[in-house]
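Asks: Protein chains in written order, with the numbering used here: chain A, 32 to 490; chain B, 32 to 490.
Treat the hints as calculated values from the structure; they're not laboratory data. Keep in mind that the hints are not guaranteed to be accurate.
In the DMTMM-like style, the derived pairs of lysine to aspartate or glutamate whose C-alpha atoms are separated by at most 20 angstroms in a straight line are [said to hold, decoys possible]:
1) B:Lys239 <-> A:Glu353
2) A:Lys239 <-> B:Glu315
3) A:Lys239 <-> A:Asp98
4) A:Lys239 <-> B:Glu340
5) A:Lys378 <-> B:Glu340
6) A:Lys239 <-> B:Glu353
7) A:Lys408 <-> A:Glu293
8) A:Lys239 <-> B:Glu265
9) B:Lys239 <-> A:Glu340
10) B:Lys378 <-> A:Glu315
11) B:Lys378 <-> A:Glu340
12) B:Lys239 <-> A:Glu315
Pulled a few chain A residues facing chain B out of the computed Cβ check, cut under 10 angstroms [said to hold, decoys possible]:
13) Ala129
14) Gly217
15) Gly220
16) Leu230
17) Met233
18) Leu270
19) Ala328
20) Glu340
21) Gly342
22) Asn461
Partial list, derived from the structure: chain A residues whose beta carbon lies under 7 angstroms from chain B [unchecked claim]:
23) Ile255
24) Tyr307
25) Ser311
26) Gly312
27) Val336
We treat Cβ as the ideally placed atom computed from N, Cα and C, and that holds for glycine.
2 protein chains.
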Amino acid sequence: MEDARREALDYADRNREATLAQLVEFLGIPSVSQRPADRENIRRAAEWIASRLESVPTARTEIVSTDGNPVVYAESLEAGESAPTVMFYGHYDVQSAAPLDAWDNDPYEPVTSGDELYARGASDNKGMIMACVAAVEAAARSGGLPINVKFMIEGEEEIGSVSLPSFLSAHREMLSCDFVLNPDVGMLGKELPTIFYGLRGMFSCRLKIRGPSQDLHSGGFGGIVRNPIHALCELVAGLHDDEGRVVLPGFYESVRPLTDEERAVMASLPLDEESYLRQSGVPELWGDSDFAPVERAGGRPALDVVCMEGGTRKAAIPSEAEALLTIRLVPDQTPAEVHAQLVSHLKSHVPSSVRWNLEDCEGFPASITDRDAPGVKALARSLEAVWGRPPVYHRSGGSIAAVGQLQETLGVDSVLTGFSLPDDRIHGPNEKLHLPTWSRGVKALVHFLYELAEPAASR
Amino acid sequence: MEDARREALDYADRNREATLAQLVEFLGIPSVSQRPADRENIRRAAEWIASRLESVPTARTEIVSTDGNPVVYAESLEAGESAPTVMFYGHYDVQSAAPLDAWDNDPYEPVTSGDELYARGASDNKGMIMACVAAVEAAARSGGLPINVKFMIEGEEEIGSVSLPSFLSAHREMLSCDFVLNPDVGMLGKELPTIFYGLRGMFSCRLKIRGPSQDLHSGGFGGIVRNPIHALCELVAGLHDDEGRVVLPGFYESVRPLTDEERAVMASLPLDEESYLRQSGVPELWGDSDFAPVERAGGRPALDVVCMEGGTRKAAIPSEAEALLTIRLVPDQTPAEVHAQLVSHLKSHVPSSVRWNLEDCEGFPASITDRDAPGVKALARSLEAVWGRPPVYHRSGGSIAAVGQLQETLGVDSVLTGFSLPDDRIHGPNEKLHLPTWSRGVKALVHFLYELAEPAASR
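Just chain A, with the same shape it has in the complex (with noise of 0.2 angstroms):
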């Protein structure tokens, strides 16, 4: 199995080019799930990549229709009952490239500059998905795969993976597996390897202020009536304290306490204060600061309008302002407990000169797994193979609906890692792949491949 491994690697090596001109192909598919009108996109995506996974060889290779935007299912099952199985899961879907004029080039017209690969999804997601193709086509084409593996690479993460539950329900068997390997959350640095064992989950609505019946001259009511754009700024500035800390009644109380241990991870891993004012750019870091920035981001809830809008014009008191609040959420609380909370204090504060409802409220819980299964096992020794050194792990901040879901649907857990690094801008304008950085993400797939196969300890 050695000389596979060997050959596999070196397969890796020679295909990198071929490979990286099928990423640029992919990412020139701009299948943003945010936009109805991108229907035909998600469609030309889902088609690239299934045809793809096709001439891996894969076995079997769908596109699963869903309520929402297709999934598209391969597997390879050549390995045998007594092998492990492994999924690895991916999303062909894009955060919209929106404010345009922000970006250096076309987003979807992929541009490389010495290291760097330039385009919406290089790192998020398509990047990871053509690592983890490239990884196990090495394999399969250097004495077969050494053991079973799936591909479910859905099109809706970027919204939710709203459709994705019901899929999940509906092929229970198709997608049993012994756990999934999802490569969509990163790594802390160049040369820091990670794993994650923590998720935030995410509650985010609308919430609507409406005041006059119709938008009303401006000198005409200035003065008069309540602004619905003021009363919506009131409530928002009202939702943290001067601490930075959320006020919504009970929202600390149900989350799980970082341990000792956590923290004391946490705080040699290299972000500290100044790596946060670097990334973001900010004058100075902001928070609840009763913990650490990396503590605030990994395991602490946080609330952020993301979005807001009210009024077109010049000289007129708009009818309505609109506010999109997202929550991130940490163990153990849950979306309907914050939204509840949501709801009770707005009731308690929303003033009496206007109307207000919440829309489009959804969410799931964050998750946590096991460091110590045989998962992440191989995955640790594989990313030391290649980098040298073991992985740190860490929580993200980040949130995979899909995470939550395989665990609550099939029962299986995540093994969540990722080669994209924390400048790629990724959901930002000039999101890029540091492409040295991704060739060793594949050579590192390549291990995985094998050290399931043949655990250290029976080696």
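We have chain A already, so just place chain B on it with the hints.
Replies: Just chain B now, with coordinates in the frame of chain A:
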């Protein structure tokens, strides 16, 4: 002259339908001045009204270029030097009709339903321009105009008449007149002909708050960096105290107090809480309770954020957020002084975790005119001749830059009135014109031409 007056009133009656058909044509041109893309429509509207003025007939009609949108000028000076000269002011530009889906009909395809004509600009200001044109035409074709008449119809009222000052300076002689008749203000009720003796001024600017150097993933940075939307909300929320008073330092110091007589007149107007609630559709009124709502609108300054924007996506902390602030000024506040107050307030209140700046700061002061001027008295008699009751006198909460500019540059006062009603939804969706009131307005303007020629005292 009484024969001529009767003949002119008859002429206006007979010509009513033809004039309204022309108004419908005029309203069909979407001459929105806020959008540079509408330059072609601005030009079409200017040409349309110039051609209509020529056919009054006027002795001279010109479309005069400015740095911005052209001004349409016309004159008929046959009454001779001993006769008074009145200049009719109007504006052929309109407010944007956004949000379009709030309209029951296309805003630029006028629809008549019962007594109402629905279209953007029906009341503000194309209907008023056509009332002036109809009255002048009626007199011109009934024995000749008894006074000298000028028309100045600009195309930038809805964007603060930015090019008007230099136009006025460049054409002092052409524009010389005894006073200006400005029908852009309206009336307080169908049976309440109104002369306004004051207008609020305006200061406006964009407040930009900048946080991270680019949009940040809200999972990675939520709880660590100050969200510019939150910072902006806090600032906006902090611009008023709990009683609805503006907290800028010294904001009310130069506000000229309402006299007891003014407060008594305002109290007698049919503008009680109930009427404002009905007009606005809000659940309750809001504002400084030391003043009645009618006093707050007419005689007190007001600050409104009329547009606020930040963020585009569900999963990102935006790099910036922006609010368009407008402050309605009263005598003797100046735009420069409130600008300085705002800067001073922001300097001490913007948190150090974000950066800020003000853009597009501009404004003009409020104006007050003499209630005993001959033009006011002639208009009062004309309104009484049609409505059977003397007009009420009021200070408008609205702002017309041209009024202050005409005072400053040419030294002429404006007599302010109009035939739009409080429920005409000017600047809002489903703007309309009440046709029977408009017809009464045309008749009052016919009277006005003869009342100016032969003041009551000399009859």
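Asks: Each hint should be assessed against the structure and marked as holding or not.
Replies: Do the hints match the structure? See the list:
For a cut-off of 20 angstroms, the pair hint linking lysine 239 (chain B) to glutamate 353 (chain A) stands: about 19 angstroms separates their Cα positions. The hinted pair formed by lysine 239 (chain A) and glutamate 315 (chain B) meets the criterion: a straight-line CA distance of about 18 angstroms does not exceed 20 angstroms. Distance hint between lysine 239 (chain A) and aspartate 98 (chain A) is unfulfilled; the C-alpha atoms sit about 27 angstroms from each other, more than 20 angstroms. Under the criterion of a C-alpha separation no larger than 20 angstroms, the hint pairing lysine 239 (chain A) with glutamate 340 (chain B) is consistent with the structure, at around 14 angstroms.
The straight-line distance between the Cα atoms of lysine 378 (chain A) and glutamate 340 (chain B) is roughly 25 angstroms, outside the 20 angstroms bound, and the hint therefore fails. With a C-alpha separation of about 19 angstroms, the suggested pairing of lysine 239 (chain A) with glutamate 353 (chain B) holds against the 20 angstroms cut-off. A hinted pair counts as satisfied when its Cα atoms are at most 20 angstroms apart, and lysine 408 (chain A) with glutamate 293 (chain A) qualifies at roughly 18 angstroms. Of the supplied pair hints, the one linking lysine 239 (chain A) and glutamate 265 (chain B) holds, its CA atoms being roughly 18 angstroms apart against a limit of 20 angstroms.
Among the hinted pairs, lysine 239 (chain B) with glutamate 340 (chain A) is consistent with the structure: their alpha-carbon atoms are about 14 angstroms apart, no more than 20 angstroms. Of the pairs offered as hints, the one joining lysine 378 (chain B) and glutamate 315 (chain A) holds, with about 17 angstroms between alpha carbons and a cut-off of 20 angstroms not exceeded. With a CA separation close to 25 angstroms, the supplied pair lysine 378 (chain B) and glutamate 340 (chain A) exceeds the 20 angstroms bound. Restraint check for lysine 239 (chain B) and glutamate 315 (chain A): satisfied, since their Cα atoms lie roughly 18 angstroms apart, inside the 20 angstroms limit.
Hint on alanine 129 (chain A) holds. Least Cβ distance to chain B is approximately 5 angstroms, under the 10 angstroms limit. Annotation: glycine 217 (chain A) was flagged as interfacial toward chain B, and the flag holds, the nearest CB pair being 9 angstroms apart, inside 10 angstroms. A hinted interface residue such as glycine 220 (chain A) counts as satisfied when its beta carbon comes closer than 10 angstroms to some beta carbon of chain B; here the least separation is about 13 angstroms, so the hint is violated. Among the interface hints, the one on leucine 230 (chain A) holds; its C-beta lies about 8 angstroms from the nearest C-beta in chain B, closer than the 10 angstroms criterion.
Below 10 angstroms, beta-carbon pairs count as interface contacts, and methionine 233 (chain A) has one with chain B at about 8 angstroms; its hint therefore holds. Interface hint at leucine 270 (chain A): satisfied, since its Cβ lies 8 angstroms from the closest Cβ of chain B, which is below the 10 angstroms cut-off. For alanine 328 (chain A), the shortest C-beta to C-beta distance to chain B is roughly 6 angstroms, which falls under 10 angstroms, so the interface hint holds. The closest approach between the C-beta of glutamate 340 (chain A) and any C-beta of chain B is roughly 6 angstroms, which is under the 10 angstroms cut-off, so the hint is satisfied.
For the restraint placing glycine 342 (chain A) at the interface with chain B, the shortest Cβ-Cβ distance is roughly 4 angstroms, inside the 10 angstroms limit, so the hint holds. Because the beta carbon of asparagine 461 (chain A) sits about 7 angstroms from the nearest beta carbon in chain B, less than 10 angstroms, this interface hint is met. Interface hint at isoleucine 255 (chain A): satisfied, since its Cβ lies 5 angstroms from the closest Cβ of chain B, which is below the 7 angstroms cut-off. For the restraint placing tyrosine 307 (chain A) at the interface with chain B, the shortest Cβ-Cβ distance is roughly 6 angstroms, inside the 7 angstroms limit, so the hint holds.
At about 4 angstroms, the closest approach between the beta carbon of serine 311 (chain A) and any beta carbon in chain B falls short of 7 angstroms, and the interface hint on this residue holds. Because the closest C-beta pair between glycine 312 (chain A) and chain B is about 3 angstroms apart, less than 7 angstroms, the hint holds. Interface restraint check for valine 336 (chain A): the shortest CB-CB distance to chain B comes to about 5 angstroms, inside 7 angstroms, so the restraint holds.
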